[in-house]
Structure formats: C-alpha cells, structure tokens
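Novice: Top line first, the protein sequences correspond to chains A and B. Going by my numbering, 141 is the number at position 116 of the first sequence; the sequence numbering is gapless. Going by my numbering, 130 is the number at position 105 of the second sequence; the sequence numbering is gapless.
Quick caveat, the hints were computed from the structure, so don't treat them as lab data. A quick note: this is a predicted structure, and the numbers were derived from the prediction, not measured. Heads up, a few of these hints could be off.
[To be verified] With a straight-line Cα cutoff of 20 Å, these simulated SDA-like cross-link-like pairs (lysine to any residue) come out: (1) K111(B) / L89(B); (2) K74(A) / Q66(B); (3) K74(B) / S67(A); (4) K74(B) / A60(A).
Number of protein chains: 2
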Amino acid sequence: MLPSNRWYLDVVRDAELADYGPVRGTMVIRPYGYAIWEGIQSYLDSRFKELGVQNAYFPQLIPLSFLQKEADHVEGFAPELALVTKGGGKDLEEPLVVRPTSETMVNHMLAQWIQSYRDLPMLLNQWANVHRWELRTRPFIRTLEFLWQEGHTAHATAEEAKAMAQQMVEVYADFAINCAAMPVIPGRKSRIESFAGANVTLTIEAMMGDRRALQAGTSHDLGDNFARAFGTQFLDESGELVHPQQTSWGASTRLIGGIIMTHGDDMGLRLPPRLAPIQVVIVPILKKNTDTEAVLAAADALAEAAKAAGLRAKVDAGTEKTPGFKFSYWEMKGVPVRIEVGPRDVAQGTCVAARRDRPGKEGKQFGIPLEPAGFVASMRQLLDDVHDGLLAEATAFRDANIVDVESYDNLKAAIEAGKWARGRWAGSDEDEKRIKEETTATLRCIPFDQPGGSGPCFLTGADAAEVAIFAKAY
Amino acid sequence: MLPSNRWYLDVVRDAELADYGPVRGTMVIRPYGYAIWEGIQSYLDSRFKELGVQNAYFPQLIPLSFLQKEADHVEGFAPELALVTKGGGKDLEEPLVVRPTSETMVNHMLAQWIQSYRDLPMLLNQWANVHRWELRTRPFIRTLEFLWQEGHTAHATAEEAKAMAQQMVEVYADFAINCAAMPVIPGRKSRIESFAGANVTLTIEAMMGDRRALQAGTSHDLGDNFARAFGTQFLDESGELVHPQQTSWGASTRLIGGIIMTHGDDMGLRLPPRLAPIQVVIVPILKKNTDTEAVLAAADALAEAAKAAGLRAKVDAGTEKTPGFKFSYWEMKGVPVRIEVGPRDVAQGTCVAARRDRPGKEGKQFGIPLEPAGFVASMRQLLDDVHDGLLAEATAFRDANIVDVESYDNLKAAIEAGKWARGRWAGSDEDEKRIKEETTATLRCIPFDQPGGSGPCFLTGADAAEVAIFAKAY
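With the rest of the complex left out, here is chain A (with noise of 0.2 Å):
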C-alpha cells in the first residue's frame, strides 16, 4: 500500500490509462482513462445541473492585459503561462494568453450580462482543457495541460457567495466519498496556500497510497476581486451600483491520479465500482471436452442481463489466454468484481464471484446464480461492498498515518516518518514558510472537523482555536 513512483507510471501504461504526449509535460488521455473522466463528468455534471448551475464555453485565448487586472492573480499565474504570439501568419499586436484558467475572461463578459440584482445569482460552469507550464510533471497529477471544469458565480450578497463556495467543496467531498470512495479530508486553506486572486480557498485533500497529500478540488470565495478588476457592477435592490460578490470552483482530471494512488495495490488498478469503465468482467472456463457453447452462452446471458439493468460488463471470451492470464490482466486493470463461469457451473445453475479488493479465497463469493434477476441483485450487492471495502480500507489507512502533535518536534518526526500531523495551529504566514522549508511539508487545511475548544499552537505556544493539517504533497 506505499506506491512508489516506479509502480505509478507502469499502472498508468500498463492498464492503458495514458500516455506521454510529443511535448514535454503533455499527456494523451487513452480510452479507458477517459471512460474513468466520463464518469466523473457525468456524476459531477448532475450534481451541478440540480443545483441550478448552467454550462457555458469562453475563449480558450484570453488578452495578457486581463489576466494583469488582478494583481494577485496574475504574480500567481505567470511562471506557468503559454502565450499565442502569431496567428493566421501574422504577429500579433497583443500576446494571447493559453487560458490557465477562466476568472478574467468570465469577468470580462459578466460585467456586460450583469446589469441589475434580477441576472443574479448567476451559475455557470464550463468543461475544458487548461494550460499551466509547469517544469515537474506526472500524468493526471500534474501536466501542461489537463482537463478540468471551472464554476463561475455572481451573487448579491457576500454571506450567498459564501455559501455557494462551502456548497461546491461539500459536493467534491460528497463526490471523492460516495463515488471515488476516497476518504477526503475538506477544509479550508491557509492563505499563502490559496487560489491567487481569492479570499478563501476551500479543498478536499486526499490521503495517496504513499501517504503525500494530494489537493483534489478546490472552491474559492473571490469576493469582489474580479468584480472590481474588472468593473463588474449591478444595481441592488435599493438602486445602488455595487460590485458581484463571486465564487468559482474546480475538479480535474488529477482526480484519476487519485483514484489510482489511493486505491491500487500490489496486483495494478482498484477501481472504485461506481466509476469503473468495467464494473464487472465474465470469464468463462473453457475447458476442452466440454459444453463450451453452453458456457459462452451462460457468460453472454450474464453480460446482457447486467446491461440492460444499468450496469456496466464484459465478457472475456477469448481463447488464446488462459482464465489465470485473464484474472490476472483484469486485476492490474482494477475491474471491481470478476465473474467466473465453467461447465460445472452452468449445470448447477450459479456462477463463483471474485472481489477486487479482497485478493484470494477471502474475497470468493459462491453459489451466486445465474438466474438473471437474481445474478443482477447479487452484482448490486457487490458493487456497493466493494465500494465499501475500499473506502473502509483508505479511511483506516488515512487515520492510522495522521498524527496528531503538540510540539515542532512532533511534526518533524511525523512528517519524517511519512506521516500526516495535526496540530493546533496559530502560526504567521512566515511560520507556515518556515515548515514548509525545514520539512517539505505544506499546510494542506484547515479542517472543517474540528475538535473545539483552544490550546496552545504546537509552534508558537499562542492560544489556537483550530487544529491544521500539514503533509508533503503532490
């Protein structure tokens, strides 16, 4: 369960989730990691629409000149920018920034939609891809591009921005639980460790198999940052021109990287059922001197049976591999539950069963049958404890590698050890600084679980009401 970097990529190619692009830090999304996108897209993009949220798509290419309106946001986003400088064989007069992301150009076009407090709240969101130059890179973790979606709100009222930002990081953290079974942490974020160009960034942070942290999705409170950089204005409901109070949040294909690293073991990918490409994969035992048809046929009716009640399943029927190379090749590829069928079977009416997340005898299941309605209900069942045993195991994981400390010594050695440390936190923007260079470790949140109560900062001694994490991160 402590992944190295090695067994990461060889799971990235070997299950064919990626590959490297031609240009350094790009990375081709392959089927079957796409099929794991969709998935997530397709959770996410419900969850948005129910909550009134509309999709909508800018500019990819977006004025140098924006993004300098704001600050903050654009020391933060410099290093990493690609810039279009010739189009249509022509240079151009003004460099054309690869959007890195989309609050200038929202901006932009907000201040012309937005005229009085009746266009508010307005909710956009978009899906696309995004550019960010950077020099370390590692595929769905961190590339020159990604995809990702960005939500973008204007509201009237800062108490309404706020609660939209806490609404969109509980339906990441509601999505990395039920759906990715990753045992997220939410919180807040400190505020060097914020979004440039926010007032609060809110994010759920992930425990991976190496124990690092992983940030894996985060929502902002912008206040009128951009609104103001941009001259975004309405009238209120008593004739005043006052400024949008903003939110905008985001989830990326770095979500996939997760999943992997939370989940995968020894034996490849463990995915989590409710996004698996593959839910359930039928291997029939073909065995010579047998009713081979009867078997294929039994395994056909299987597939057939599990799709037309939703779910999502293959048959295996190849005869050039064994059934031990197939257990094998759909485990690397982390396909929750396996389903085996031979000439025995069949004559007695059941099948064997096979869970991902527990290896051998352990994880066995017998006697389930092949009835159709009854092989449904029993897929169900295990989808649901498969998801279950992989989000108990990350959950116990996760909460035997955070210690909890009440000094600088009790950090350093946790993070020395691998570990997360929590400990109630008072400190400066430059003590914060300060860990990060003498450990490595960042401050990863504010949780949103706290204890209660104050006690002295484990750094400063200074009366902390709030307990923080710090961990090396991705």
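With chain A fixed as given, assemble chain B onto it according to the hints.
Specialist: Below, chain B alone, put in the same frame as chain A:
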C-alpha cells in the same frame, strides 16, 4: 424565410445563444446555446459508442514539424494557424500549433500503439476545441475557436476504411434529418473541395433560409497518407509490414448556426424539438379575481408530469410580464410547444397548446388534458408533429430552390436567382475553379442520390455519369 445577416446576429444575441469574445472572431457560447450543443453531443456520442468508437483526449499543442510531414495538410492549414511561441516565461525551441485538427497528433500516437492487425480496427473520437485563424467570422458558423468532435480510425484494409467513412457521413445525415430536422444532402466533395490530406471527403450539405449552402459535417477517407507520413505500420495476418488505412470525421458547433438558419422565422428562433433545451413552456394565465393559485398549481403539475416523463419543460410563472409578452419571448427563443392554462381551463380539466412551427390559430390545439398521462402523451405527439412540420417545411423549401441545369447559362441564372444548381458534371479542377471565380458558387457535393444513366456535362458537354450540386456557401 430569407433571413438576413442582421436577422441572424439579432437572433444569436436576443435568444442569448452566444456573445462576442474579446479577441476578434471568438465567441462565448451562452447557456441556452450550449444546451443545444449538449443535445447534439448526447445524440452523436451515443451513436459513436454504439458503433464501438471510444473517446480519448489528445494534447492540443502540436509541434509545427508534425503538420509539415504531410504536404497537402500543411498547405491547407498553414494560413490559419495560431502558434504558441512562449511557455513558462521562455521562448520555445519549436513553435507549437494550437490544434486546428488532430490527424498529425493522432498519427504520432498510433505509430506507437498499432503493431499488429490484432490492434485494428482502432476507433477513437475526441470532443475538443480547435482554432483556425479565419479572417471573416460569424458566430457559430465560422469562429477562430470552435467546439467539435473529431473521430480518428485506423483499419487493416482500404475497404474497411472506405466503409467507415461512409458509415459516419450517414450518422451525420441521420442526426441532421432525424434530430435537427435539417434535410441535408449527403454526398462526395470534389477533389479541390476535399480535406487537406484526404483521398475522399464525404459531406452533408444543408440549405439555409437564405438559400446559401452550409457544410454541416464531413467524413474523410485518408487512405494511408498520414500513416506514411508518420511511419504508422502493422504486421498483417500474413506477416507483412503495411500501413493502416485511416478515416477522420467531424461535426462542430457550426451545426447550431445551421439550425438557426434552417428553421428561423420572422419571430426568431424555431428549435427542433429533439434538441430544444426547453421543449414545452407552460404559461399560466393569471387573471385578477380568479383562483390564481389553482392555475399555478395546475401549471406546476404539468411541468412535473412532463419532466417525470423525460421531457424538458418549464413554467413561466412571473407576474411582471403579460402573457402576450411571454408568448413572444418564448417564440423568439424557439420553444417548440407552448401551453396556456387559465382559470377556465382548470375548471374544464384541459389546457391549450400552441405549436411554434405554425403561427396563429392554425397551430393551436384545444382540449389537451391536464391529467398527467394524457398530457404527456399529447406533448410527445405534438413534439413529433413539430419535428415533422419543421422537416417538411425545410424539405419543401430546399426542393423548391434546387434548379436542374443543362447549360452554364442555366447555372448562372440559378445562382444569380440565389438558388442551388444541379446538373450533370464532368468538368476538370480548372473548370470548377472557373465557375467559382465567375459565379462565386462552389461545387457543394456530388450527391449519393444520383439519377443514374449518363448525359452531357452542363459545362463541357462531355459524357457525365453523375450530377453535382453548385451553390453559394457559408
């Protein structure tokens, strides 16, 4: 039914389909326009998946040298490229092209992925943004950046690739006719109108309300042109190393422009029911001194019933606007069916429907039941009727505006009258260019639907087995 340029731009703005971006020639797709795109995506994506096509994602930034590998391809695209020359604050060693299409990038990867005939066919698609630095732009129809899908397939034989290209243009034609109610003409492009790098380009050509032609989707048989350029090879069943045969095919947000210009009328947009973001708008008639609550409750119940049945319905319950204002507003927005329900209707247990495709009394239908099952059945029927009505009207319009020509003078007269000209054709590339220069009409396609036999070419008099269609085009 002859919408002007001004009409088009007004509809795009007033119906809130799109807005201009800050960079010349770019467009923001607003939620109402984007929802149409989501409908297009949903239909096409499920068709692709039924055919075994898998989605993937390829990097957007392509080394300029890739495009230069295929001579025709770079010649076709060079004038339209946007180039990234700086990244992360540094000048790049090689400029990167912002994807105008991905044949080169795809082949760079296929050369690594395809080794054996067992890897074929490989059927991929991506939903992505592309950039083409066009001089004359128009929202949806021709913009610097647009959204599309691009399919890329590789096959073991030329026959398979040819069949695939044909199948995909049929998917587009089926979508256009049965989903968008656009009576497109599928056919083959002439050599000089084909895609840069293709052996054969197939197309669907649509007639707009101003009688100009719109190329609404294309499918290319690429032969082994790109495979040769990129060294993509595989061992065939006989052990020989050969190039795969490829196709590519794409449809874009341009389709939205086609829908606007095919169906729009003096009152604004008319959306085909299967793509309309709102299929049924319910306007409660709230009169003073009547039981407005009962009316509102009836309206809400109708919307609930429609939504529960999978229809897209909305109640416009506001009291600030008059019913007449609301009728005009939703007509302008192109909603296919409007329901009116007032106090008398509630008392009678019925409501009134108005079809967007038939103005005035002719399109009104009384006595629609308020009872949920009856209401839903009526709505389904009405939506199908509106689809059929729009398609029949556009088909009649198209057929009334295609002139069969037997001489160049015939063609000139037809084109001058704003119509399409169809005639037997055996001209050369030079002949085709001359017609374009002299009439501004281009050869839109050699339709699949041919009269058979042969006869004299309308231009050269040479024996011609096929007819071709010429028209002015967007």
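Novice: Would you mind marking each hint as holding or not holding in the structure?
Specialist: Structure-based check of all given hints:
The hinted pair formed by K111(B) and L89(B) meets the criterion: a straight-line CA distance of about 14 Å does not exceed 20 Å. Among the hinted pairs, K74(A) with Q66(B) is consistent with the structure: their alpha-carbon atoms are about 17 Å apart, no more than 20 Å. At roughly 16 Å between alpha-carbon atoms, K74(B) and S67(A) fall within 20 Å of each other, so this suggested pair holds. With a C-alpha separation of about 12 Å, the suggested pair K74(B) and A60(A) falls inside the 20 Å cut-off, and the hint holds.
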